[in-house]
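Trainee: Now for the letters of each chain:
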Amino acid sequence: MLSQPNIIILMIDGGRWDRSRNSDVFKKLKNKSVCLEPITYGPHTIAAMHAFFSGTYGSRTGTNSYWSSYNFKKDKFKTLSQYLHEKNYYTMTDVVSELVIPKQGIDEFLIHDEIKDNLLERHKSFLEKMKLKNEQNQNFFLFLQYSNIHTGIMNEVLKVYDNFSSEFFENKLKNEKRYDKLFSNAEKYLTEIMETIYELEFDKNSIILIMSDHGIGVGEKLGERAYGAFCYDYTLKTFGYFLIPKFPPLEISQQIRTIDYMPTILDYLQISLDVNYEKIDGESLLPLFNGEKISEKFAYSETGNPLNKKAPPKKPNIHSIRTSTWKLIYNSHNETKELYNLKEDPEELRNLSGTCLEIEEELWKELIKIKNNN
Amino acid sequence: MVNEKPNILFLTIDSLRADKFHGKNKSSKTPNIDFLINNGAYFNQAISTIDGTFSSLGSIFTSKLPFKTNITWSKNHSKALGFFKSIKNYGYSQYSVTPDHAFFKSISENFDDKILTSTSSYLGLWEGIGDLIISKLDYCKKIQSPWIFYSHIMDLHTLKPIPDEYNVPEFGETEYDRRISLIDIWLGKFLEKIELSKTLIILTSDHGEFIHDLDKHPEYVPTLQKIFRIGKKVTPQFLTPIGINFFEYLRSTVKKQRIKKLKKTLSDEELRTFNERGYGILFDEVLRVPLLFSGFGIKKNSIIDKQVSHVDILPTIESLIGSFHNDDKIDGRSLIEIINGNSIQDIPAYIESVPKLADLEGDTIGMRTSKYKYCRSRKNPKENIFLFDLESDPLETKNLANESLQVITQMEQILLKITDFSIDDGDEELSEEEYAKTKNELKKLGYV
Numbered sequence: 001m002l003s004q005p006n007i008i009i010l011m012i013d014g015g016r017w018d019r020s021r022n023s024d025v026f027k028k029l030k031n032k033s034v035c036l037e038p039i040t041y042g043p044h045t046i047a048a049m050h051a052f053f054s055g056t057y058g059s060r061t062g063t064n065s066y067w068s069s070y071n072f073k074k075d076k077f078k079t080l081s082q083y084l085h086e087k088n089y090y091t092m093t094d095v096v097s098e099l100v101i102p103k104q105g106i107d108e109f110l111i112h113d114e115i116k117d118n119l120l121e122r123h124k125s126f127l128e129k130m131k132l133k134n135e136q137n138q139n140f141f142l143f144l145q146y147s148n149i150h151t152g153i154m155n156e157v158l159k160v161y162d163n164f165s166s167e168f169f170e171n172k173l174k175n176e177k178r179y180d181k182l183f184s185n186a187e188k189y190l191t192e193i194m195e196t197i198y199e200l201e202f203d204k205n206s207i208i209l210i211m212s213d214h215g216i217g218v219g220e221k222l223g224e225r226a227y228g229a230f231c232y233d234y235t236l237k238t239f240g241y242f243l244i245p246k247f248p249p250l251e252i253s254q255q256i257r258t259i260d261y262m263p264t265i266l267d268y269l270q271i272s273l274d275v276n277y278e279k280i281d282g283e284s285l286l287p288l289f290n291g292e293k294i295s296e297k298f299a300y301s302e303t304g305n306p307l308n309k310k311a312p313p314k315k316p317n318i319h320s321i322r323t324s325t326w327k328l329i330y331n332s333h334n335e336t337k338e339l340y341n342l343k344e345d346p347e348e349l350r351n352l353s354g355t356c357l358e359i360e361e362e363l364w365k366e367l368i369k370i371k372n373n374n
Numbered sequence: 001m002v003n004e005k006p007n008i009l010f011l012t013i014d015s016l017r018a019d020k021f022h023g024k025n026k027s028s029k030t031p032n033i034d035f036l037i038n039n040g041a042y043f044n045q046a047i048s049t050i051d052g053t054f055s056s057l058g059s060i061f062t063s064k065l066p067f068k069t070n071i072t073w074s075k076n077h078s079k080a081l082g083f084f085k086s087i088k089n090y091g092y093s094q095y096s097v098t099p100d101h102a103f104f105k106s107i108s109e110n111f112d113d114k115i116l117t118s119t120s121s122y123l124g125l126w127e128g129i130g131d132l133i134i135s136k137l138d139y140c141k142k143i144q145s146p147w148i149f150y151s152h153i154m155d156l157h158t159l160k161p162i163p164d165e166y167n168v169p170e171f172g173e174t175e176y177d178r179r180i181s182l183i184d185i186w187l188g189k190f191l192e193k194i195e196l197s198k199t200l201i202i203l204t205s206d207h208g209e210f211i212h213d214l215d216k217h218p219e220y221v222p223t224l225q226k227i228f229r230i231g232k233k234v235t236p237q238f239l240t241p242i243g244i245n246f247f248e249y250l251r252s253t254v255k256k257q258r259i260k261k262l263k264k265t266l267s268d269e270e271l272r273t274f275n276e277r278g279y280g281i282l283f284d285e286v287l288r289v290p291l292l293f294s295g296f297g298i299k300k301n302s303i304i305d306k307q308v309s310h311v312d313i314l315p316t317i318e319s320l321i322g323s324f325h326n327d328d329k330i331d332g333r334s335l336i337e338i339i340n341g342n343s344i345q346d347i348p349a350y351i352e353s354v355p356k357l358a359d360l361e362g363d364t365i366g367m368r369t370s371k372y373k374y375c376r377s378r379k380n381p382k383e384n385i386f387l388f389d390l391e392s393d394p395l396e397t398k399n400l401a402n403e404s405l406q407v408i409t410q411m412e413q414i415l416l417k418i419t420d421f422s423i424d425d426g427d428e429e430l431s432e433e434e435y436a437k438t439k440n441e442l443k444k445l446g447y448v
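Residue numbers (my numbering), protein chains in the order written: chain C, 1 to 374; chain W, 1 to 448.
No lab work stands behind these hints, which were simulated from the structure alone. Take these hints with a grain of salt, some might be off.
Over 10 Å on every C-beta distance to chain W, these chain C residues come out as not near it, computed from the model [what the hints assert, rightly or not]:
1. M1
2. K87
3. K172
4. Y198
5. L269
6. N341
Computed spacing ranges between beta-carbons, pair by pair [stated by the list, open to error]:
7. W:I143 <-> C:N341: 37 to 43 Å
8. C:D117 <-> W:Y435: 24 to 30 Å
9. C:N308 <-> W:S370: 25 to 31 Å
For the chain C half of the interface with chain W, some residues (derived, Cβ under 10 Å), not all of them [said to hold, decoys possible]:
10. I46
11. W67
12. V96
13. L99
14. N137
15. N155
16. K365
17. I368
18. N372
In this text, a Cβ means the ideal position worked out from N, Cα and C, and glycines have one as well.
One chain only, chain C, in its complex shape (with noise of 0.2 Å):
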């Protein structure tokens, strides 16, 4: 018998908030499941979950760009793997590249080839050897990264066009098609990995978490094909489904961040933070879980736009902070605000900033402190 839960998460890369709302195998999650809608601290899979894996903000862990991967701070920030590694689970993760998350603390470090490889297959079996660890006496924590929205992002949109290509941003009913089958498929892929979770049990002693690491744009903004270029909501806004073992189905409406999940998953399991470590940006959200309160925190986020580059900045040079009602987006490449009221204009189309509103100096103040780590 486990005295603990196994861990499953499984991470639909570039996920869409909105389209998992509307999904029908969404809408079945959520009556299992505590569901959420954090926000990403980077609009892209290396920073975000560096991010996810570390509960700590890219510009403290160093992993802030796509070409931070090996800039993380191992021996400042403990990964999620690494925790559930010392507590004897066995640790297993399976990604589209190396980049994408921190290798400590995992015992078996596996890399997908996205175009070839039938991932459904892949996963399925690894939920299969997984079946064997628990009957070996041993809990498991198992990483998979549903790569084949991206995989057709990439072959279809920026391998074809550029962040300004009229051909792109002309056609967004093309675009939302495009996207909408890929997500589709991963709904195809999510409800047979589910049926496997099922016919395994896992629901019963593991924690599942259905997550997304960014959204990505249709044609929304001009200057962003799919994501990564800005920090706006169609791509910071995320999905989460926790399924955890004799707990109520709960929606979550108050502003959460992805950085969050680690100390619950660390809260739930009862493991402490080590305090050998830098402490972390996230917060457990058990108590709101368990349907106590606990204050709104600021979400920040950030992303190196390659402008009129063609690769992107090695350094972030867009941030942004967020509350559940405004959002400041602060273009550092060139100096310049954006503030939206995200209630009455969800769609970030007329900035304030300039308006002698107090929010923007309030929220410039908080961003300023997380951006400078202070």
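Following the hints, put chain W in place on chain C, whose structure we already have.
Mentor: Here is chain W on its own, set in the frame of chain C:
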């Protein structure tokens, strides 16, 4: 959000020490300073980032640590321009009376009006500088608000004797104290020219100073200097270099003898007063400075013991007058919370020594907390280590470098974190192999 922008009177008084500005060590007469403290918030544990004028003022005006601006006596002065540029764009007209040095010329480049005064022999307020400031403040009264007036006052730095009527015990125990009394008199005259409720006054200094008793100073040999001056007049010019060398030889011989003699008669603390800034240990005498915010928007009569830094001044001004400075990489934090009576976190203050004239960097770096002062050689963390327990030894007389290794390790870790640019900038370089691998992977993923 600030609806009404206050005028700003920003004064930096060269070499003014915190312990001589307020508290039990003060013997000067300062009714006007006391008035401002009563109408403001006084930080009695404000720490200058560096013990040299321009680097320190650079920290004040940029909210950045000196090693990030590299502002020195002769270099990078324009880096301190940002504050004044921003505040001008924010709608302030700008005026100044400062010494005619490249640094001040540089920061006042776009001022509406500036007066640059002689630096060959710094002038005191009583020698005309005070009147110039008054005339400018008179002018400011007539123009449309908001304005900022800045002055850097040299009265404690100049060697010129103060008028005899003030050089008496009534105005303080030492000449340094009496100079402060004289500054205070002028401060009173300035206050008559402004409307305190509409003006934010910021008063601080660039650094502190070792206060020498000139008669005991080992290098001060008046008889020798007098003979040399006479000799210089009667000696042919081509012999002058030989004369200077001879004078230096005599002076160093006398100095050695005097030091020997002084060591027998003076305590270590008294001997320390002969130290020079930029050489050796970063004692509180040269780093602990007064910091006073008074007038507009300031809660009255608060004496604040919390340690703060010069780099906190700019963000505090922003909290008081509104956000105007668009630099996102500052090292300071706003002190408005603590001014308003709330608590703020203790943060170590980074400190360093001023570079000698031709150098770009000073020899010593360190940090100060409310409990400890730690400093060491910039180049070698194992050299010239000093650790003082400021709580039990506020005069910094006992070096604990060999006794408290654990504390030193902790302090060193914090120091390294502060001086580690990569943490701020995420600017760590990848090795060639890492770069090639990353590029290859990003290409595969369709990002480059």
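Trainee: Hints first: check each against the structure and report whether it holds.
Mentor: Hint-by-hint comparison with the structure:
Listed as outside the interface, C:M1 is consistent with that label: its C-beta sits roughly 42 Å from the nearest C-beta of chain W, beyond the 10 Å cut-off. For C:K87, the non-interface assignment is confirmed: its Cβ lies about 28 Å from the closest Cβ of chain W, beyond the 10 Å cut-off. Interface exclusion of C:K172 from chain W stands, the closest Cβ pair being 21 Å apart, more than 10 Å. Taking the minimum C-beta to C-beta distance to chain W, about 32 Å, the non-interface status of C:Y198 holds against the 10 Å cut.
With a closest Cβ-Cβ approach of about 30 Å to chain W, C:L269 is found to remain outside the 10 Å limit, as its non-interface label requires. Distance check on C:N341: its Cβ is at least 16 Å (rounded) from any Cβ of chain W, clearing the 10 Å threshold; non-interface status holds. Between W:I143 and C:N341 the beta carbons are some 38 Å apart, a value that agrees with the proposed interval 37 to 43 Å. Hint check: C:D117 to W:Y435, Cβ distance near 27 Å, so the stated range 24 to 30 Å holds.
Checking the proposed 25 to 31 Å range against C:N308 and W:S370 shows it is violated: the Cβ atoms sit about 50 Å from each other. At its closest, the beta carbon of C:I46 sits 9 Å from a beta carbon of chain W; the interface hint therefore holds under the 10 Å criterion. Hint status for C:W67: holds, given a least beta-carbon distance of 6 Å to chain W, under 10 Å. Taken as an interface hint, C:V96 checks out: its beta carbon lies about 7 Å from the nearest beta carbon of chain W, inside 10 Å.
The restraint placing C:L99 at the interface with chain W holds, with a minimum CB-CB distance near 5 Å, inside the 10 Å limit. Evaluation of the C:N137 hint against chain W yields a violated restraint, the C-beta minimum of about 37 Å exceeding 10 Å. Given hint, C:N155 at the interface with chain W, holds; its Cβ is 8 Å from that chain's nearest Cβ, closer than 10 Å. The beta carbon of C:K365 comes within 7 Å of a beta carbon in chain W, closer than 10 Å, and the hint placing it at the interface holds.
The interface hint given for C:I368 holds, since its Cβ lies 5 Å from the closest Cβ of chain W, which is under the 10 Å cut-off. Taken as an interface hint, C:N372 checks out: its beta carbon lies about 6 Å from the nearest beta carbon of chain W, inside 10 Å.
When the structure is compared with the earlier hints, violations turn up for hints 9 and 14 and for no others.
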